[in-house]
Structure formats: structure tokens, C-alpha cells
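Mapping the sequence shown onto the UniProt record's numbering, position 71 (from 1) lands on 71, and the numbers just tick up by one.
Misleading hints may appear alongside valid ones.
[Said to hold, decoys possible] In the DSS-like style, the derived pairs of lysine-lysine whose C-alpha atoms are separated by at most 30 Å in a straight line are:
| hint | residue 1 | residue 2 |
| --- | --- | --- |
| 1 | 38 | 53 |
| 2 | 6 | 38 |
| 3 | 38 | 51 |
| 4 | 38 | 49 |
Hint data in this document are derived by calculation from the structure and do not stem from the laboratory.
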Amino acid sequence: MCTVGKSGNDLHYRGYDILDLAEHCEFEEVAHLLIHGKLPTRDELSAYKSKLKALRGLPANVRTVLEALPAASHPMDVMRTGVSALGCTLRKKRDIRLRRTGYCR
């Protein structure tokens, strides 16, 4: 997936130079490359962006927790609290997925 050249000064993702990707591609294009193994076509990119947008939802209970924090809270404290609340919310889904993989019984 990622290779470093012999000189140690060049990095490639799936055969593409990282500097070219950084200069010419959007985040979603590189994410698609890493996940699917190829850069997306225009239609694939549009569909991928729509899919990512649909996954950005925030459960109501997590929003409630975050809104209860003081406005002056440090951003990293807010992030940590949000991730913890999200972990509590999604616990059952995660446990089911882990059991299906065979890593958890």
C-alpha cells in the first residue's frame, strides 16, 4: 500500500508519488485510492463523497453530551469526550462486528 524509495526521500501510495497526490488530489480521492486500490473516476468520486457525507451523522445523545460541555472547554477535551460518548453509543455494533471476525467470542 505504501512504499519508501531507496533514497528514503520519496513516498508512494499504491504506486503514486505522495507529492503528486498532495498537489493534485482531494482528500477523498486519496482515501478512495487507499481503500479501493485506484483513483476514482468523476462518477466514483461523486458517489464516494456522497457516501462519506451520509456517514457524518452524530447520534443525538452524543450531541447532547457535547452541548452540555462549557463553551470554554479545550478542543481536545471536547474531542476526547465526544469519542468516549460515541464509543458508548456504538458499543453493541462494534461487539457484533468483532464477534463476526472471530477475534472476540
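Right, here's what the structure says about each hint:
1. At roughly 21 Å between alpha-carbon atoms, residue 38 and residue 53 fall within 30 Å of each other, so this suggested pair holds.
2. The hinted pair formed by residue 6 and residue 38 meets the criterion: a straight-line CA distance of about 24 Å does not exceed 30 Å.
3. A hinted pair counts as satisfied when its Cα atoms are at most 30 Å apart, and residue 38 with residue 51 qualifies at roughly 17 Å.
4. Our distance criterion of 30 Å between C-alpha atoms is met by residue 38 and residue 49, whose separation comes to about 15 Å.
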